[in-house]
Amino acid sequence: MPRVVRSSLRKELFANPIDGLVSVLLISGVGAAGYGLIHWALTQAQWVVIQANSTLFAVGRYPIEQQWRLWLLVALVAAATGLSWGALRGLPQRDRPITAVWPRNDRIAAIVLVALCGWAPAALGLAWPIQARWWALTALLLVLRWLAGRYASRLRKVATLGLPLLWPLLYLVGMVLIGGGLGLVTVGANEWGGLLLTLIEASFAILLSAPLGVVLALGRRSSLPLLRWGSIAYIEFIRGAPLITLLFLGQNILGFLLPGGLAPDRIWRAAWILTFFSAAYLAEAVRAGLAAVPRGQLEAARSLGLNLPQALSRVVLPQALRIALPATVGQFISLLQDTTLLSLIGLLDLLGTARSVMANPLYLGKSAEVYLTLAVLFWCCCAALGLGSRALERRLNPPTLGP
Amino acid sequence: MPFLRKLLPKLSLASTLGLALLLASCASESGGLQSQKIDLIKGRGKLICGVEGKLPGFSFLGSDGAYSGLDVDICKAVAASLLGDPSKVEYRDLNSSERFAALASGEVDLLSRNTTETLTRDAAGGNGLSFAPTTFYDGQGVMVGAGSGVKSLKDLAGKPICVESGTTTELNLADRMRELKAPYTPLKFQTGDQTYAAYLQGRCLAVTSDRSQLAAKRTNFPDPAAHLLLGEVLSKEPLTPATTNADPVWSDAVRWSVYALMQAEELGITKANVAAKLALAKANPNQADLRRFLGVEGDFGKTLGLPADFVVKEIAAVGNYGEIFDRNVGPGSKLKLDRGLNRQWSQGGLIYSPPFR
Numbered sequence: 312m313p314r315v316v317r318s319s320l321r322k323e324l325f326a327n328p329i330d331g332l333v334s335v336l337l338i339s340g341v342g343a344a345g346y347g348l349i350h351w352a353l354t355q356a357q358w359v360v361i362q363a364n365s366t367l368f369a370v371g372r373y374p375i376e377q378q379w380r381l382w383l384l385v386a387l388v389a390a391a392t393g394l395s396w397g398a399l400r401g402l403p404q405r406d407r408p409i410t411a412v413w414p415r416n417d418r419i420a421a422i423v424l425v426a427l428c429g430w431a432p433a434a435l436g437l438a439w440p441i442q443a444r445w446w447a448l449t450a451l452l453l454v455l456r457w458l459a460g461r462y463a464s465r466l467r468k469v470a471t472l473g474l475p476l477l478w479p480l481l482y483l484v485g486m487v488l489i490g491g492g493l494g495l496v497t498v499g500a501n502e503w504g505g506l507l508l509t510l511i512e513a514s515f516a517i518l519l520s521a522p523l524g525v526v527l528a529l530g531r532r533s534s535l536p537l538l539r540w541g542s543i544a545y546i547e548f549i550r551g552a553p554l555i556t557l558l559f560l561g562q563n564i565l566g567f568l569l570p571g572g573l574a575p576d577r578i579w580r581a582a583w584i585l586t587f588f589s590a591a592y593l594a595e596a597v598r599a600g601l602a603a604v605p606r607g608q609l610e611a612a613r614s615l616g617l618n619l620p621q622a623l624s625r626v627v628l629p630q631a632l633r634i635a636l637p638a639t640v641g642q643f644i645s646l647l648q649d650t651t652l653l654s655l656i657g658l659l660d661l662l663g664t665a666r667s668v669m670a671n672p673l674y675l676g677k678s679a680e681v682y683l684t685l686a687v688l689f690w691c692c693c694a695a696l697g698l699g700s701r702a703l704e705r706r707l708n709p710p711t712l713g714p
Numbered sequence: 002m003p004f005l006r007k008l009l010p011k012l013s014l015a016s017t018l019g020l021a022l023l024l025a026s027c028a029s030e031s032g033g034l035q036s037q038k039i040d041l042i043k044g045r046g047k048l049i050c051g052v053e054g055k056l057p058g059f060s061f062l063g064s065d066g067a068y069s070g071l072d073v074d075i076c077k078a079v080a081a082s083l084l085g086d087p088s089k090v091e092y093r094d095l096n097s098s099e100r101f102a103a104l105a106s107g108e109v110d111l112l113s114r115n116t117t118e119t120l121t122r123d124a125a126g127g128n129g130l131s132f133a134p135t136t137f138y139d140g141q142g143v144m145v146g147a148g149s150g151v152k153s154l155k156d157l158a159g160k161p162i163c164v165e166s167g168t169t170t171e172l173n174l175a176d177r178m179r180e181l182k183a184p185y186t187p188l189k190f191q192t193g194d195q196t197y198a199a200y201l202q203g204r205c206l207a208v209t210s211d212r213s214q215l216a217a218k219r220t221n222f223p224d225p226a227a228h229l230l231l232g233e234v235l236s237k238e239p240l241t242p243a244t245t246n247a248d249p250v251w252s253d254a255v256r257w258s259v260y261a262l263m264q265a266e267e268l269g270i271t272k273a274n275v276a277a278k279l280a281l282a283k284a285n286p287n288q289a290d291l292r293r294f295l296g297v298e299g300d301f302g303k304t305l306g307l308p309a310d311f312v313v314k315e316i317a318a319v320g321n322y323g324e325i326f327d328r329n330v331g332p333g334s335k336l337k338l339d340r341g342l343n344r345q346w347s348q349g350g351l352i353y354s355p356p357f358r
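Chains as they are written, first to last, in our numbering: chain Y, 312 to 714; chain E, 2 to 358.
Please keep in mind that the hints were generated in silico from the structure rather than gathered at the bench.
Computed from a predicted model, the values in this text were never measured in an experiment.
Please note: incorrect hints may appear among the correct ones.
[What the hints assert, rightly or not] Here are the simulated DMTMM-like cross-link-like pairs (lysine to aspartate or glutamate), alpha carbons at most 20 Å apart as the crow flies: (1) E:LYS47 x Y:ASP576; (2) Y:LYS677 x E:GLU118; (3) E:LYS89 x Y:GLU502.
Make a model of the complete structure from these sequences and hints.
Pasting the structure below:
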């Protein structure tokens, strides 16, 4: 052990006898728990419940003969990820020069990705063709990452124009691929399930609640009484009711209010309720951001001759949203986790699918394995959101402010 | 206000007349064997069936994404009898709070979701359901070790029994033991898991819960064969498929589709031999009962608003009641439940189909 590490360890953990005692107790406690978990996972757990039901966990009851569409979508997402990742590194930014196309963090990320895609499908005992597909997807992502990193600066115009369009376009293409239409066989929403349904519900709610939240926040600070009181009433009503109540309301009441098949499918009902719910909380996060921008900014913008929409969209909102970003992402993460409530209203989201699988007499009592897998999946999704938000924060902070 | 006083009787007369007219028109609509529900299902091409979705043996998702279980087979049977194809079912997982609303608002056509038939659920002033025949007579049971020598509840006098606290199960057990004048030591636990763990550790001689629940838990025990369910049943839980009572034609169609499964078992018609029986009935004009049951002659199907061969389609799809039971919760499944009350009436059980006449 190098001396630096040793001395810093001593300073942090064993500075005095009481520190040392606490450290020893904590480390042995955590160590015992960790050992127990690993021992259980490797020797006692029966992972066959995950292996046999991996498709169910991933996409629910999506028809097998149409699953190529989902593979295509995953391939497109991998390609878009590779392109955007490479372009972000390869394009010179306004505020910083290109340091390296492959900085150290990126190399680590690539190695982790390769290791994960090599190991996880094999460990899960997936069929060979499916394992091969995951390898191909990883290769596609990394090759495009390399190509984009290398050539983005030469195709600067295409890249700066195309990248912002890429993801919204991909989302629309993805919805068509999942749901059908435009010549594809329709796959009804009630056949979506598992992680697929969780991600659809969460992404739909995130994408729509963000603009709605901004509008509500502006409305709440507006000087027009009707707009202001309307926004306040909406926000306070939604925040005054637990999400599960609203979900039950949507499932049970809407069928009576809008008879004759006018009510949207219950999957979309739930998605809209998640959206409306999340918008109220987002509005408060954005309002905090708006309050943190000094009044002088708006007044200065107006006195320069900008009209109100221009002043808001070019001066106030960019600052307010940057300040509100951590709270906003926090809301998105809890929204992603709130989708598990859908299992209580009988939808087969990730948790709902898991509970249904655990009722299969073949896998009774395998709940620990299933819940642990779910926890890892959710952690991955939430960690990805968190990482993305931190990267965005770093990028948005003006160089004078940021570390 | 004399004016109002004069007007009121007239108003009430008019409204009564109007209501009567409305009722009459409703009655005439469904009276001529026109069922909006049946037309809707036929037009849609599939039956929407509400299931629990997370109950071992009754409804759950298999690894291939297909639903199975006893409740699910009832959905399949009804779809086969109305649409001729057991796969034309769309399943909706419903939780216990939304199941009746989903049925009443027409979101599901049929509720096959381990629902106990009770007065308030059946009554028009209650949930207004129309119950089909009971497909599983569940009830609170008691599980003991096979080597414990306990043969009946009376043998448990003075012995510790594990129960989940705060449940009706706990109260039922106390009531029954008081009736039997058999004092016992209840060991109460907060959760089901704790209860079964204590039982397995030998802290109590017996554990009590719904029989289907006990059987499901038993499949997880280290040695399932070493545990027995006592024959005594402490409560009545008739699990019954239901429709709304808004469309009697549809309710009757469901009711007799379920009875047909039971009648088929009584007549010895199985999934395997239904084709042979049909051929026999067609070739043999003397087999009048069989011919009518299988729709070769008579108009049972038409009377119900179903195709003439609905029984044949059903049995070919899911088998008779006995086969459904064995496959999902009986000896052919991991639950290994005894037929018990769910035997045919001729063998001392409660499964009894009225005559197909």
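Structure-based check of each hint:
Restraint check: the Cα-Cα separation between LYS47 (chain E) and ASP576 (chain Y) comes to about 16 Å, which is no more than 20 Å; the hinted pair holds. Simply put, LYS677 (chain Y) and GLU118 (chain E) have alpha-carbon atoms about 32 Å apart, too far for the 20 Å limit, and the pair is violated. Pair hint LYS89 (chain E) plus GLU502 (chain Y) holds up; C-alpha atoms about 14 Å apart against a cutoff of 20 Å.
Checked against the numbered hints given earlier, this structure breaks only hint 2.
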